[in-house]
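The lines below spell out each chain.
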Amino acid sequence: MTTRLSEKGAAVEVRGLVKHYGRTKALDGVDLDVRQGTVLGVLGPNGAGKTTLVRVLSTLVKPDAGSARVAGYDVLRQPRELRRVIGLTGQYASVDEKLSGRENLYMIGRLLDLSSRQAKARADELLERFSLTEAAKRPAMQYSGGMRRRLDLAASMIGHPAVLYLDEPTTGLDPRTRNEVWEEVQRMVADGATVLLTTQYMEEAEQLASELTVIDRGRVIANGRVAELKAKVGGRTLQIVPTDPARLSAMATAISDARLDGIAGVQTDLAAGAVNVPILTDEQLTAVVGLLATCGFGIAHIGTHLPSLDEVFLAITGRPTEPRGPARTAAPAENKEEVTV
Amino acid sequence: MTTATATLERPAKAAAAGEGRIGLRANLRHIGALARRNMLQIKQDPESMFDVLLMPVIFTLLFVYVFGGAVAGKGNQQEYVNYVVPGLMAMMGMNIAMAVGTGINDDFKKGVMDRFRTMPIARSSVLIAKIVVELGRMMIATLILLGVGFALGLSIHTDVLHLLGAIALSAVFGASLMWIFILLGLTMKTPQAVQGVAMLVLMPLQFGSSIFAKPTTMPGWLEGFTKVNPLSNLADAARAMINGGAVAHSVWITLAWSVGITAVTAPLAVARFRKKT
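Protein chains in written order, with the numbering used here: chain A, 1 to 341; chain B, 342 to 618.
Among the hints, erroneous ones may be present.
[Said to hold, decoys possible] Residues from chain A that face chain B, not an exhaustive set, calculated with beta carbons under 10 angstroms: (1) G87; (2) Q91; (3) R225.
If you're looking for bench data, these hints aren't it; they were derived computationally from the structure. Cβ coordinates follow ideal geometry from the N, Cα and C atoms, glycine included.
Given the sequences, and given the hints that come with them, work out the whole structure.
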């Protein structure tokens, strides 16, 4: 417990960060903090500035204005020191495809000034931990998508980074592989890592992050604890499909008219043939199902899901994520297409 | 919680060790690890050695047997071997240097470059490692070239030391050319574009030189061009070091070109690499 920063100390401190590409404001005054030993989820649609943020924080891109400190080091004034304490796993696997898993990890160990013996031991240790021992000698190009991401995570962990950036770590992965990556991230967090995670998925943020910052068009539009934001956007959505499609609107009306505690905003989804009910608690779920049984509605299918990014955005901003949406507040002439740098 | 403590002690230690500066020994170790990467890539993709293995064989046979008679007179191929092989040593460096440009362009599209650039290593070490491995490839090509040359009757009129001198001079000049092509490879968008531009530069430089034929047989304006063409100087130097004759002048000019090219293009290439997003 010698050099430990204070319990409340921020491992990542971003103030007024600005980065413009021509007329595109990739970052337009972003403030955020990642507390020591926690996971901050940065949630936003494509082109919101998430990747630019990670690239600034990993010294790949210089900001136009504002400041950022990582583990106490300034991104502009102390890039070399900063690079010693970070790990980066990008949206695209950043390992050498032609090298085997073990060779990749060994090389990175050597670049981090481990001795040959230490680098070998660390590579084997991480291969074991990320269940890649069997594939250790095969070139990474033969790995499945999930194996590659795991190798990428392992590569980021070699130097015991104080702060880890995960830039959309599961984008493009199938659900099973996604779960594998989540498990690994949860283990890192349990081991005390400080993580900045960018994602487009509310579900991912909920799984991994304790706090959330929602960004859009380079600006922070909301932040807080995951539970708070979820409550703000209505928790879960209960979706009910009646056995008789003709009774869809009757069912929706019955639920609205019952005025159950805390239930509002019942909607019919004609395309899905379902009624959507925003709910916050399990009691509300039970109450709705009980009501339908009492009223004699047949239920063909019932399920709950977390609000999608679109629903989150709708709840926070009152407009959809669509960048060309009519309710734009920024200058209309400005082109806000996707920015991936 | 104890793990969190451990991770936080690292930055403190690293900072104490010299504020993030990378020492010479660490730098050499990084270059070694990255050069190893480039070699493992070759091992994984042996076809990438075809140019090095076949180019010297094909070019030597082609020039000696197809053009040798025309240039030196029928039956004088033997004499032409001693003229063209030292010249081909110069040409080999240029062709391999061009491959560095296309290779680095392709390499830098990969995510692993982002990882390198977020690591505490000198950014130049990635480029220097590439040059080290390419120089190794160039040496292999040169040895094959000399092997084919000897089989066709090449004779060394000087001594081994001069021969080694010729090889070393080609390597020094080849390394300086690599910086040009690395700069080109980092600037252009696709490997195809790099190759296109490189060919446009390469062809006139190679053929408008003393590599294949004596400049005195060329029209005056072209002869003038060959005189300022550094490839002529290198070919002349290599020829003198193998066949005998005045060496100093062409060696100094070639070394001056090498230093000049490297001094201008290497910093530009490293700066380009640093800025590349």
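The hints, checked one at a time:
Because the beta carbon of A/G87 sits about 8 angstroms from the nearest beta carbon in chain B, less than 10 angstroms, this interface hint is met. With 10 angstroms as the threshold, the beta carbon of A/Q91 comes within range of chain B, its nearest partner Cβ sitting at about 8 angstroms, so the hint holds. Checking A/R225 against chain B by beta carbon gives a least distance of about 20 angstroms; that is not within 10 angstroms, so the hint is violated.
This entry does not satisfy hint 3, going by the numbered hints stated previously; all others are met.
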